[in-house]
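K.L.:
Each chain is listed here by its residues.
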Amino acid sequence: MSESPLWTVSVSPHVKSRESVEKIMWTVVACLLPPLILSVFIFGLQTLIITLISVISCVATEAISQKLLHRPITIRDGSAVITGLLMAYIIPPGVPYWIPILGAIMAIYVAKHLLGGIGFNIFNPALIGRAFLLATFPVAMTSAWLTPIRDAAVFKYMGTGIDAVSTATPLYVLKHYGMAAVLEKFGSLSTIYSDFFIGWRPGCIGETSALLLLIGGIYLLYKKYITWHIPISVIVSVGFFTWVFGGEKLFTGNPLLAVLSGGVILGAFFMATDYVTSPTQKTGKLIFGAGVGALTVLIRLKGGYPEGVCYAILLMNPLTPAFETWFKPKRFAPPKGAEK
Amino acid sequence: MSLSKEFTKGLWNELPPFRLVLGLCPVLAVTKSAETGLGMGLAVIFVLTCSNMLVSSLRNVIPRKVRIASFIVIIATFVVIVELTAQAYFYPIYEKLGIFIPLIVVNCIILGRAEAFASRNGVIPSALDGLGIGTGFTLSLTVLGGIREILGNGTIFGAEIMWSSFRPFTFMVEAPGAFLSLGLLLGIMNACSKSN
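Chains as they are written, first to last, in the working numbering: chain Y, 1 to 340; chain D, 341 to 536.
Incorrect hints may appear among the rest.
Below, computed lysine to any residue pairings styled on SDA-like, alpha-carbon distance capped at 25 Å [to be verified]:
| no. | chain 1 | residue 1 | chain 2 | residue 2 |
| --- | --- | --- | --- | --- |
| 1 | D | K534 | Y | A63 |
| 2 | Y | K67 | D | C532 |
| 3 | Y | K282 | Y | R331 |
| 4 | Y | K67 | D | I528 |
| 5 | D | K534 | Y | H70 |
Label-pair ranges, simulated between beta-carbon atoms [unchecked claim]:
| no. | chain 1 | residue 1 | chain 2 | residue 2 | range |
| --- | --- | --- | --- | --- | --- |
| 6 | D | T417 | Y | K328 | 50 to 60 Å |
| 7 | Y | T167 | D | P432 | 34 to 44 Å |
| 8 | D | P432 | Y | T280 | 49 to 59 Å |
| 9 | Y | K328 | D | T348 | 48 to 58 Å |
| 10 | D | W503 | Y | L114 | 23 to 33 Å |
| 11 | D | P516 | Y | A181 | 33 to 43 Å |
| 12 | D | W352 | Y | I75 | 36 to 46 Å |
Worth flagging that the hints you see were computed from the coordinates, not collected in a lab.
Idealized CB from N, CA, C, for every residue including glycine.
Chain Y on its own, in the form it takes in the complex (with noise of 0.2 Å):
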């Protein structure tokens, strides 16, 4: 546009507020940069070129999109950031830096503006950005594991080929070998917990300290942006299901371990309560929630693959449409009639 109009058109609700898409977006990219800097002690700078590369990939892709289709050019919001943050946060710490490239082409231009640009998309775009690298690289995307780095030797995976260095995920060891060889791999109970909880163990990037995401996660609880309802949902539905199936016998599961391994945390506060693809109510936001855990646990103990917040969530995203006309809130007006 050449010249900016003297009034906007746009559609309701017409709500006034200081807050604004770009400050929502830039606070969720301040609240998770944390895990980031955590991720380079845990498992190398790497980490960080490879973050790098996705969110500029994204932003460039969303720039080339929003150019071809000839829509206002919106980098500057922060939503692309967020995508390549979120994308980066959920592949694996040892993939070739090509990967998230590829997964940034597909997160925005195909799952993002050809379904109609951002607050249209069905899908999460980081979400199906690497559904799409594990479909296609399953062998760079499930072996690219990195051992813990204990010495702050950040530089110990540079340049080292994938088959050297991969480990397995705990969520691996448990589903192939059982809890006695995450016992024998990982240390006593009391070691797991807390490592996990802090950070150190393998996994995606983003995804392993449960402590920083839980810090950002409340912070913007605190601010508003999100809700309650959703993380509660999906970390509870994750527990009870995992304790109810996870063990050998019935009501035998153990949720802590469930809760703190894989991407639970950073899926419920960071990608389940994505504006666009969850549901606004707060009936429909708990069903949300719910079943999104329902599935992951479904996925990690009947599924093909270790670990499955990704693929519960891409689930219940085409689902929010529906709840929304489910779950309508009651309406402030006096029922249809009651005029007469």
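Given chain Y's structure and the hints, the job is docking chain D onto it.
P.N.:
Just chain D now, kept in the frame of chain Y:
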């Protein structure tokens, strides 16, 4: 309309999968490689041309009310010829195409051309129409299969063409890759026609 136009319309204006958006089931299912796409296309050219000619020469004999059933019988005859021939002489490709050869019987393009064109026009225009639409279908399938094979397997007609460190996108030879590449090609074609 001139006779040459009956042939060339199938190559762009009425290009089956992209312009008519018909026959998508084989388009999605057999384009895992350029070879299977080409094989499927050739089978369709044969069936479409022959059935168009026969339908057109019988167009004054077939009663209106049972025309669809008659068309299906005619098409099925040629499909069986293709199937038995492929089984006898081109067994590897027959195995790869599998159920999709018999399914040519219910391919919308063939029934559509019989109903919309052959039952209303003479034998020569119908034959050219069948050849043109069939060629367009074959080209689309081969191009789509080629794209998917190059990206998903690093080969074209079975020959290695990508650099040695190229990692194939397994995604492209699976079902989502078919939908995605079909949609993108469709979009590119629409953009091309729009700018013309």
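K.L.:
Which numbered hints does this structure break?
P.N.:
Going through the list in order, the structure violates no hint and respects every one.
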